[in-house]
Amino acid sequence: MAKKKKIDEKVELNMTPMIDVTFQLLIFFIVTMKFRLLEKKLLSHLPTDFGLNNSTDPVEENFVTVKLRQRRDKPGMRLAEQSTEYFIETREVEGRTKQEIYKKILTEISSFRTQLKDARGKIDAGRGVPHQEVVSVLDLFHKANFESITFVGLTTTKNVVDGEMWFNKLRTELRSPVQ
Amino acid sequence: MAKKKIREHIVPDSDVELDMTPMIDIVFQMILFFIIITDFSQKEIALLKLPWSTVGIDDEGEDATRLVINVTAPIPTGASLLQWSERKREQSDKIMIKGKYVGFRELYEILQGAGVQNPRFREPDNEKLSSRSVLVRCDSAQAFDYVKGVLQVCASPEIAIYKIEIATAEKEHDDAAGDN
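Heads up: the sequence lines are chains A and B, in that order. When we follow numbering that gives the first Met the number 0, the leftmost residue of the first sequence carries the number 0, and every step to the right adds one. When we follow numbering that gives the first Met the number 0, the leftmost residue of the second sequence carries the number 0, and every step to the right adds one.
Isolated chain A, as found in the complex (with noise of 0.2 Å):
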């Protein structure tokens, strides 16, 4: 009898502890988690041997500039939100929708790099002027097959720097509305 009840009596270890510490465990990665959304990037370098030109360079004509700047036609909106104008050089590129720029811009842009070997890109990007316009003026000249593009209009580092001159300028102008 008694080895018959040493057998039944099997050591059993209690798992409820553990199982509830394991989901509170998965609980806490499901909630904190964010799966990253693959994002696209695109690749550039800054110009490493002159750094910041202040001249004028001196081979003008190579280049191609496309302008942008906000219209300041619409009072009670702030600068970012009034609508874009582009330029090449110092013609206005006109279209009913963006697109309709942008394929003016884009046919204009690579007949030039086409007559150009050396054919530079240039963005002269105005004060107030969204990313997105940007960015969307570089994928022309990507699609033209530049390789080299400057922005113009940079400030000194001093200036950001101390953003008196600048920075502070730039955020009263930004989210004032135009008058």
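Treat each hint with caution, since some may be false.
[To be verified] Distance condition first, Cα-Cα at most 20 Å in a straight line; then the derived EDC-like pairs of lysine to aspartate or glutamate:
| no. | chain 1 | residue 1 | chain 2 | residue 2 |
| --- | --- | --- | --- | --- |
| 1 | B | K97 | B | D58 |
| 2 | B | K97 | A | E38 |
| 3 | B | K48 | A | E91 |
| 4 | B | K162 | A | E38 |
| 5 | B | K48 | A | E38 |
| 6 | A | K97 | B | E169 |
[Claimed, not checked] Pair ranges (Cβ atoms, derived):
| no. | chain 1 | residue 1 | chain 2 | residue 2 | range |
| --- | --- | --- | --- | --- | --- |
| 7 | B | D18 | A | Q23 | 36 to 44 Å |
| 8 | B | E59 | A | T149 | 23 to 31 Å |
| 9 | B | E89 | A | M32 | 24 to 32 Å |
The set of hints was computed from the structure by calculation and includes no laboratory data. The beta carbon of each residue, even a glycine, is placed where N, CA and C say it ideally should be.
Please arrange chain B on chain A, whose structure you already have, making use of the hints.
What follows is chain B alone, placed relative to chain A:
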């Protein structure tokens, strides 16, 4: 014979029990999966609407030393502003690096320590340049002037970070740039 006897004895005595082992196995597998998959670098990434681009390449994020600079969305005006929480308002129009909201001066100071002045991050063939790359994630509605400012700071000789990546999203709309 003895073994047979024991079995006979156990079967009638035992209650109906659920075998927990497979469930615990699966739960542990799931926990391991979440631990491995959870990307703790997420806090470096602000929630933004990135500009779309048709020529962007996949960002695998393979460079562990890469710095991520976020420029958050502008504060909206009018009716949509009312829907914005105080916290959201505080976080807009800002530059965020390593989970911290900074101005251009602080960004400059952070990058000074992270750029070419740090001997760990110098280009082997050019001591004057930093080998680090910077991913600029700017909201599509934000003014490009911020990106210009960031590029300007990166290009300064004390920092000399020249490898710049501009984060974009995949094409969303049909009115994409120059699509024929």
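To see whether the hints hold, each was checked on the structure:
At most 20 Å may separate the alpha-carbon atoms for a hinted pair to count; B/K97 and B/D58 meet this at roughly 18 Å. A hinted pair counts as satisfied when its Cα atoms are at most 20 Å apart, and B/K97 with A/E38 qualifies at roughly 18 Å. At most 20 Å may separate the alpha-carbon atoms for a hinted pair to count; B/K48 and A/E91 exceed this at roughly 29 Å. Distance hint between B/K162 and A/E38 is fulfilled; the C-alpha atoms sit about 18 Å from each other, no more than 20 Å.
Annotation: proposed proximity of B/K48 to A/E38 holds, straight-line Cα distance about 11 Å (limit 20 Å). Proximity of A/K97 to B/E169 is assessed by CA-CA distance (about 18 Å); at most 20 Å being required, the pair is judged to hold. For B/D18 and A/Q23, the Cβ-Cβ distance of about 22 Å falls outside the hinted range of 36 to 44 Å, so the restraint is violated. Checked against the given bound of 23 to 31 Å, the beta carbons of B/E59 and A/T149, roughly 28 Å apart, stay inside it.
For the hinted restraint 24 to 32 Å between B/E89 and A/M32, the CB-CB distance of approximately 26 Å keeps it satisfied.
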